[in-house]
Amino acid sequence: MLKGMMKTKLFWPIIVLILILVINLFFDRSFFSIELRNGHLTGSLIDILNRGAPLILISIGMTLVIATKGIDLSVGSIIAMSGAIGAMTVADTASEGSGPLWMAIGLSLIICLVVGGWNGLLVSRVGVQPIVATLILMVAGRGIAQLITGGQITTVYYEPYSFIGGGYLLTLPFSVFIVAFVFLMAVLLTRKTALGLFIESVGSNADASRLAGINSKNIMLMVYMFSGLCAGVAGLILSSNVMSADGNNAGLWFELDAILAVVIGGTSLMGGRFYLMGTVIGALIIQSLTTTIYSIGVPAETNLVVKALVVLVVCLLQSAEFRRKVFGIGKVKPTGEQKGREGVTLS
Amino acid sequence: GSTDESSGNGENTDNGTEQTAEDTKPEETNSDTEEKESDDQSAEKLVIGFSQVGAESEWRTANTKSIQNAIKDAGHELKFSDAQQKQENQIKAIRSFITQKVDAIVFSPVVETGFETVLREAKDAGIPVFLVDRAVDVDDDSLWVTFLGSDFVEEGRKAGNWLVEEMADQEGPVNIVELQGTVGSAPAIDRKQGFEEIVSKEDKFEIIKSQTGDFTRAKGKEVMEAFLKSDGENIDVLYSHNYDMAIGAIQAIEEYGLKPGEDIKIIGVDAVRGAFEAMADGKMNVTIECNPLFGPQLVELIEKHAAGGEIEKRIAVEESMYTMDQAEELLPTRKY
Amino acid sequence: MAQQLAKLEMKNIVKEFPGVKALSDVQLSLYPGEVHALMGENGAGKSTLIKVLTGVYSIDQGTVTLEGKQVSINSPLKAQELGISTVYQEVNLCSNLSVTENIFIGREIKKYGRLAWKEMNQHAEKLLERLQLNIDVTKLLSSYSVAIQQMVAIARALNVSAKILILDEPTSSLDRDEVQQLFAVMRQLKKDGLAIVFVSHFLDQIYEITDRLTVLRNGEWIGEYKTEAIDRMELVSKMIGKDLAELEAISSKTTDISQSDTLESMLQANEVGLNGKISPFDLELRKGEIYGLAGLLGSGRTEMARVLFGADKADKGKMTINGKDVHFTTPRSAILNKIGFCSENRKTEGIIPELTVRENMILAIQSVYGWFRYLSRAKQMKIAEEYIQLLNIRPANPEQLIKNLSGGNQQKVMLARWLVTNPDLLILDEPTRGIDIGAKTEIMKLMTHLSKENKSILFISSEIEEILRTCDRIAVLRDRKKVQEFDNDRELTQQDLMKEMAGGM
Amino acid sequence: MINRLSLDYKQLPLVATISLFVLMFSFGSLRYTGFFSTQVFLNLFINNAFLIVIAVGMTFVIVSGGIDLSVGSVIALTSMVTASLTMEAQLSPFIVVPISLLVGTVLGVIQGALIHFYNLQPFIVTLAGMFLARGLSYMISVETIAIDHPFFNFMANSQIPVPGGNFISISVVIALIVVFIAMFVAHFTKFGRNVYAIGGSEQSAMLMGLPVARTKILIYTLSGFCASLAGLIFTFYMLSGYGLHANGMELDTIAAVVIGGTLLTGGAGYVAGSVVGVLILGIIQTIIVFEGTLSSWWTKIAIGALLLLFIVLQRVIVWRSEKKHANG
Ligand SMILES: Nc1ncnc2c1ncn2[C@@H]1O[C@H](COP(=O)(O)OP(=O)(O)OP(=O)(O)O)[C@@H](O)[C@H]1O
Ligand SMILES: Nc1ncnc2c1ncn2[C@@H]1O[C@H](COP(=O)(O)OP(=O)(O)OP(=O)(O)O)[C@@H](O)[C@H]1O
Ligand SMILES: [Mg+2]
Ligand SMILES: [Mg+2]
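Chains as they are written, first to last, in my numbering: chain C, 16 to 362; chain Y, 153 to 488; chain X, 26 to 530; chain E, 175 to 502.
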């Protein structure tokens, strides 16, 4: 039953993803080909995975936040911060030892945890509305990042640092492994323990959850910390990939793409059920869309229009009402009751 | 408040970047011991309002520093406001400069248009306005004293000309890919225009792909990767609207397995220090200077005007163009 | 009235939900000036029939004829325009609006092109007067108890010149007096020639007010009867579909009082209170006793329960459990002390709508285990199936989303959630709300069973006889104050209690 | 009217916000010379007239439990349409103004319809709307178009004097009119109350037989219209059309509305509150400009800090008096 639902949830996003990829085929015959160049698997698909890594990461974090009826606008700034911290810690080390690397990773991840926790505290303890609570960091975070880099775009000359976002392992980009790891952790933590259940129940009805003995405050705190952590990792990948820290532009507007990915993946902004796999697919859709726009030579000024249309199509395809009206798929559904403000759900 | 603000700059120095190190001390003294200073300063201590676009690029930060330091070193009082890339903020800032009755307003417009009203208010309040970096298109040029800054279109032309010479003996087609700046931003539009103006004269040149990289390294790299995927070896030239995108692109090219500077000729704008490093190790062929360090030049103008001197409406920042072979010896001399 | 032409005819109504056939070939006919009961177990299809009639759900098959001509009602708005006024099962009002607004929204009074709040407030007060309820109508609805919200919903329904009035379990959270007020009004409307549909699980009420009744079972139409022509036994057998013999067991009202033998105290509260909610009270609960709270609407029973459970933090007094001091700041701390609390407000404080029946059931026990020790899927299934079986929850599918269950079935799931935790003290606030007779007796049995196992139960109910029947001791609350405590020996009568509740005149 | 009796409780966030605004203003006045002047206060309105107008529209959307991210881009699009029609097509303002007001309105209708009939999430639909509007304005032209036309110059430059030698702009008057109309609509029309009802519980609203569909579509239409009107005001303010205008302003708007005491979950909020919210953001800006020494990152940090300070204070005030309310 649940599996069945998951399927329907994932069905349309997957279709769209395939569609976008196939479109590329018309412009570039070799689009799906993957070859082994000097020990690295290369090919558009690999690139999409590789480039998409940061987005997938923050989307995973965002999914849990949204499942609790929350939202995290600060991820973009956190990316900038963690990148800045990471890069600055290794900026003026010329050594080849991996010591500074761990230093950088440790430092920025810890800080990102703290920062995420800060969001969590504002939301769960002070009771600030998520969008505003995280808006604060969205603004201030970039400032802090620039403060760290002194407004410069600091270039890193420390080779090992490039491994995080640029390195290869077993012929695959290392970032792919990072994503896989985080994703698995998230799935294990939420589905093999009761966390997932608690998150969903808090998101679906916080009062009732409290009366059922769930410590909803801590749950919220946790998801925001996790989101912060994910953003931190993403930040490291991004900054390591270009071997520099850019406080002002790193991760700019990522938050919107992340939220988009989550919703495309079938998780409702009204909280409750969440679908990590869906999110990943959503993120991949967005990334392959971007790559497509670049590689098929869409004029720069029309990028946004194209994006808008695709987003609309995905959402419409997911809307049961739309499918019924247009293709007449699916039985007639109750007009009211089920159709709360839950948005795109097929349940 | 100003106290935590200066201490903040303290932190800033810990993070070790010369520019901030330089300007911290004067700034602190400035904010702490104003009156005393003004006593020392016999006459002529001007209050100057400076409204900067933001800190969107390395170039911009350097520019800000240069102007800030120049003003303070000359012992004038600085009122700085950062518009966070928003025109409305900039207008607000200028308004409040007017209400604060500063002696001169310096600002680099976010865009050329839309400042007429507020400039008129400034004029009515009898405050001279100095435009830096970007012009405003207002018919009534009595609204500002002078415009000091680079000519983006000219930069584009320089890039084009260099390419034309470079490729003179090569018969086409020469496939060019272009990394634009942020869509709609003045430098992006003008640098594109100037460049196309030149290369379009010869039809062996073809701009096969042109996409925005938002002036950032990450985007520049991502876009270049996509270009390489679709057009690979038959890309001959990369024209990048700024240095950061060029660096990103260079990384992409290397990862793709080509030699930047040889397999693909690379033209970048902004002769920042990094650009020279890149050229020094042969990864970039030419960089067109767009000089941000005209602070002192500006302050002179302001003082001159305050003293009642005549100033012409358009003052170009002296800029030039540097190629690979010059890079080595010039590298040490680059300030930023 | 039979020769009159029917005001409303519903024929061969079919309604399916994914996986559930809620209505198959159901019919209903209403005549002017009658009160018509819809009878059936939980999940029989009563509410669905009503929602189909009022256009909340679209009809899969069947016809609706209103005063002779066929109509298609596709939205509640349309239904209202056709003169059908409805009170749905759950309180369906906007708690963020004032009482007045809730009564008038959609048909506001205007004056010089703007809404005339003064007039509306006055009207609202008059309307509630009619139900003997005088409350501040400008206050937010959310500041009132479910019971009052229910009354407001009724007032709203009365506020239109309707031809047909539909009341889906309006009495489930009301107590005797309110019910009488409601009936008085209904009789009045009946005289005026309205046709009234009335749903309730209380047979007494059915026999008191209704003229005819239609029985549904598992979404099927069983029959239509004159109320006085069919006796309880027969009616119940029609509803549950068992023959009279089997029923004797259930119906035998002698679920005798489980006189607890031990006097060992389990929970002790002295001078516990919460400013503005409930004035300080002493309370001792013994092991293995069922302790009843009786009181009128708003008397503070729920508050007392919530304070004991830590849902509201007590601001004075101290509590001990099995001798050791406790101070509950959150429900969690209470639960960890093996206390359970089944709220009276199922919709907002009970169900987790987006989750399945299974997940809703195991929520409390899981929160005791903590997030790390996740019950295995198998265990969860076992629990779910066990209680679905025990309380006969329909549809018997653990993976059905709870929001798709009928009201009564949701209530059963809530009970299951707490029974699973096997608490030492179980606080039940109106646990039998909207539950059918079969399940009700089942729950009574469970309670006595628990008390036999030396567990204690705090039982709140608006049905005095229910309390009298099951409780060892009974406290009476009035105006947020504990005013009396009775030992429930044979002499204690309803009258005694009622006097005390009303304020012993 | 309706709220009078329970004012203390229901309007609490609003009261808190206003008092905090006063607090901030006096802080500025004490700290900076020339801050405490009527003109500084009036400038808050002059500089934020457009923000006030979108905030009004946004208030309705958020109260109904939705959200509208497209407003910022609609401003850009409107300014672009206005500019190109005036300067390139050489049309008269009497044609241009109505057309540009239609831009957002139409987009609003479409968004509303999508959200309601296909049961899509407002956040996403309006996000798409945001991309679309900005994309379209780029497609009109990536370059900025300066407007030089007597009508627009008049709207931009004419100053309406107010007692004490100060002045306001025409846009301010427009904005204030919008605010008053909105207040009336919110509290004294059926539509207004339906919005609150839907925000409280869409399902209940539907069961109560309220015209949910119509209302929801109307809400987004209204918001779209306000966005366009704001776009027009913005165009007066800037005398130019530009694809990058009002970048990210949707967030400022949402912040203003929420600061003004409106719940993002819907059902509660006041137009007046949103106006104060805008003023709060404005005054934060002003304070920073007057501080006049903040580097661009310290500016960002300062904005965040002030925002935080404000929100926490607001929470505290609300808490304390909620306690009082409970005990009273
Ligand atoms: N939206 C829905 N989706 C799926 N199934 C539903 C939905 N609504 C009701 N049902 C099913 O239809 C059947 C009838 O439900 P209904 O609410 O009509 O019962 P009822 O007679 O009102 O019971 P109660 O006395 O408990 O209110 C139940 O089995 C319920 O599970
Ligand atoms: N007559 C009334 N006037 C004003 N407020 C009331 C009234 N009755 C109840 N309330 C409100 O409803 C809330 C809940 O009351 P409570 O539920 O404790 O009463 P109760 O004894 O449980 O009756 P019921 O459970 O039938 O509602 C109280 O906090 C009170 O604010
Ligand atoms: Mg029912
Ligand atoms: Mg109660």
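Check before you lean on any hint, since a few could be wrong.
[Said to hold, decoys possible] Examples of chain E residues toward chain X, derived with CB under 7 Å:
id, residue
1, Pro324
2, Pro337
3, Phe365
4, Ser375
5, Gly441
6, Ala442
7, Arg494
[To be verified] Below, computed lysine-lysine pairings styled on DSSO-like, alpha-carbon distance capped at 30 Å:
id, chain 1, residue 1, chain 2, residue 2
8, E, Lys497, X, Lys136
9, X, Lys143, E, Lys364
10, C, Lys84, X, Lys267
11, C, Lys207, X, Lys341
12, X, Lys341, E, Lys497
13, X, Lys470, X, Lys267
14, X, Lys341, C, Lys232
15, X, Lys349, C, Lys84
16, X, Lys338, X, Lys372
17, X, Lys188, X, Lys143
18, X, Lys404, C, Lys232
19, X, Lys36, X, Lys216
20, C, Lys207, X, Lys372
21, X, Lys428, C, Lys340
22, E, Lys497, X, Lys372
23, E, Lys497, C, Lys232
24, E, Lys497, X, Lys188
25, E, Lys364, X, Lys164
26, X, Lys143, X, Lys103
27, C, Lys232, X, Lys188
28, C, Lys232, X, Lys470
29, E, Lys497, X, Lys338
30, E, Lys497, X, Lys465
31, C, Lys340, X, Lys103
32, C, Lys84, X, Lys136
33, X, Lys428, C, Lys207
34, E, Lys364, C, Lys232
35, X, Lys341, X, Lys36
36, X, Lys267, C, Lys207
37, C, Lys84, C, Lys207
38, X, Lys343, E, Lys497
39, X, Lys349, X, Lys338
40, E, Lys497, X, Lys506
To be clear, the hints were calculated from the coordinates, so they are not data collected in a lab. Quick reminder that beta carbons are idealized off the backbone N, C-alpha and C, glycines included.
Hint check:
1. The interface hint given for Pro324 of chain E is violated, since its Cβ lies 38 Å from the closest Cβ of chain X, which is over the 7 Å cut-off.
2. Interface restraint check: Pro337 of chain E against chain X, minimum CB-CB distance 31 Å, threshold 7 Å, status violated.
3. Hint on Phe365 of chain E is violated. Least Cβ distance to chain X is approximately 10 Å, over the 7 Å limit.
4. The interface hint given for Ser375 of chain E is met, as the beta carbon of that residue sits about 5 Å from the closest beta carbon of chain X, less than 7 Å.
5. Interface hint status for Gly441 of chain E: upheld, as the beta-carbon distance to the closest one in chain X is roughly 4 Å, under 7 Å.
6. Using the Cβ-Cβ criterion of 7 Å, the hint placing Ala442 of chain E at the interface with chain X is satisfied: the shortest such distance is roughly 6 Å.
7. The interface hint given for Arg494 of chain E is violated, since its Cβ lies 15 Å from the closest Cβ of chain X, which is over the 7 Å cut-off.
8. For the given pair, Lys497 of chain E sits about 38 Å from Lys136 of chain X by alpha-carbon distance, which is inconsistent with the 30 Å threshold.
9. Distance check on the hinted pair: Lys143 of chain X and Lys364 of chain E sit about 15 Å apart at the alpha-carbon level, within 30 Å; holds.
10. Of the supplied pair hints, the one linking Lys84 of chain C and Lys267 of chain X is violated, its CA atoms being roughly 46 Å apart against a limit of 30 Å.
11. The suggested pairing of Lys207 of chain C with Lys341 of chain X is violated, with an alpha-carbon distance near 42 Å, which exceeds 30 Å.
12. A threshold of 30 Å between alpha carbons decides the hint, and for Lys341 of chain X with Lys497 of chain E the separation of about 15 Å falls inside it, so the pair holds.
13. Among the hinted pairs, Lys470 of chain X with Lys267 of chain X is consistent with the structure: their alpha-carbon atoms are about 19 Å apart, no more than 30 Å.
14. Between Lys341 of chain X and Lys232 of chain C the CA atoms are separated by roughly 25 Å; this keeps the pair inside 30 Å, and the hint holds.
15. The suggested pairing of Lys349 of chain X with Lys84 of chain C is violated, with an alpha-carbon distance near 39 Å, which exceeds 30 Å.
16. For the given pair, Lys338 of chain X sits about 22 Å from Lys372 of chain X by alpha-carbon distance, which is consistent with the 30 Å threshold.
17. Restraint check for Lys188 of chain X and Lys143 of chain X: the C-alpha separation of about 28 Å stays at or below 30 Å, so the hint holds.
18. For a cut-off of 30 Å, the pair hint linking Lys404 of chain X to Lys232 of chain C stands: about 28 Å separates their Cα positions.
19. Among the hinted pairs, Lys36 of chain X with Lys216 of chain X is consistent with the structure: their alpha-carbon atoms are about 27 Å apart, no more than 30 Å.
20. With a C-alpha separation of about 29 Å, the suggested pairing of Lys207 of chain C with Lys372 of chain X holds against the 30 Å cut-off.
21. Annotation: proposed proximity of Lys428 of chain X to Lys340 of chain C holds, straight-line Cα distance about 25 Å (limit 30 Å).
22. Note on Lys497 of chain E and Lys372 of chain X: the hinted pairing holds, with a Cα-Cα distance of about 26 Å set against a maximum of 30 Å.
23. Our distance criterion of 30 Å between C-alpha atoms is met by Lys497 of chain E and Lys232 of chain C, whose separation comes to about 20 Å.
24. Our distance criterion of 30 Å between C-alpha atoms is broken by Lys497 of chain E and Lys188 of chain X, whose separation comes to about 46 Å.
25. For a cut-off of 30 Å, the pair hint linking Lys364 of chain E to Lys164 of chain X stands: about 19 Å separates their Cα positions.
26. For the given pair, Lys143 of chain X sits about 29 Å from Lys103 of chain X by alpha-carbon distance, which is consistent with the 30 Å threshold.
27. Proximity of Lys232 of chain C to Lys188 of chain X is assessed by CA-CA distance (about 50 Å); at most 30 Å being required, the pair is judged violated.
28. Taking the CA atoms of Lys232 of chain C and Lys470 of chain X, the gap is near 37 Å; set against the 30 Å cutoff, the hint is violated.
29. Only pairs whose Cα atoms come within 30 Å are accepted, and Lys497 of chain E paired with Lys338 of chain X is accepted, the gap being roughly 12 Å.
30. Distance hint between Lys497 of chain E and Lys465 of chain X is unfulfilled; the C-alpha atoms sit about 39 Å from each other, more than 30 Å.
31. Proximity of Lys340 of chain C to Lys103 of chain X is assessed by CA-CA distance (about 22 Å); at most 30 Å being required, the pair is judged to hold.
32. Taken as a hint, the Lys84 of chain C and Lys136 of chain X pair is broken in the structure, with Cα atoms around 41 Å apart against an allowance of 30 Å.
33. Annotation: proposed proximity of Lys428 of chain X to Lys207 of chain C holds, straight-line Cα distance about 25 Å (limit 30 Å).
34. Taken as a hint, the Lys364 of chain E and Lys232 of chain C pair is broken in the structure, with Cα atoms around 38 Å apart against an allowance of 30 Å.
35. With a CA separation close to 60 Å, the supplied pair Lys341 of chain X and Lys36 of chain X exceeds the 30 Å bound.
36. For the given pair, Lys267 of chain X sits about 44 Å from Lys207 of chain C by alpha-carbon distance, which is inconsistent with the 30 Å threshold.
37. Taking the CA atoms of Lys84 of chain C and Lys207 of chain C, the gap is about 22 Å. The hint holds against a cut of 30 Å.
38. Pair hint Lys343 of chain X plus Lys497 of chain E holds up; C-alpha atoms about 21 Å apart against a cutoff of 30 Å.
39. Annotation: proposed proximity of Lys349 of chain X to Lys338 of chain X holds, straight-line Cα distance about 19 Å (limit 30 Å).
40. Proposed proximity of Lys497 of chain E and Lys506 of chain X is supported: the alpha carbons are some 21 Å apart, at most 30 Å.
The structure does not agree with the numbered hints 1, 2, 3, 7, 8, 10, 11, 15, 24, 27, 28, 30, 32, 34, 35, 36 stated previously, though it agrees with the rest.
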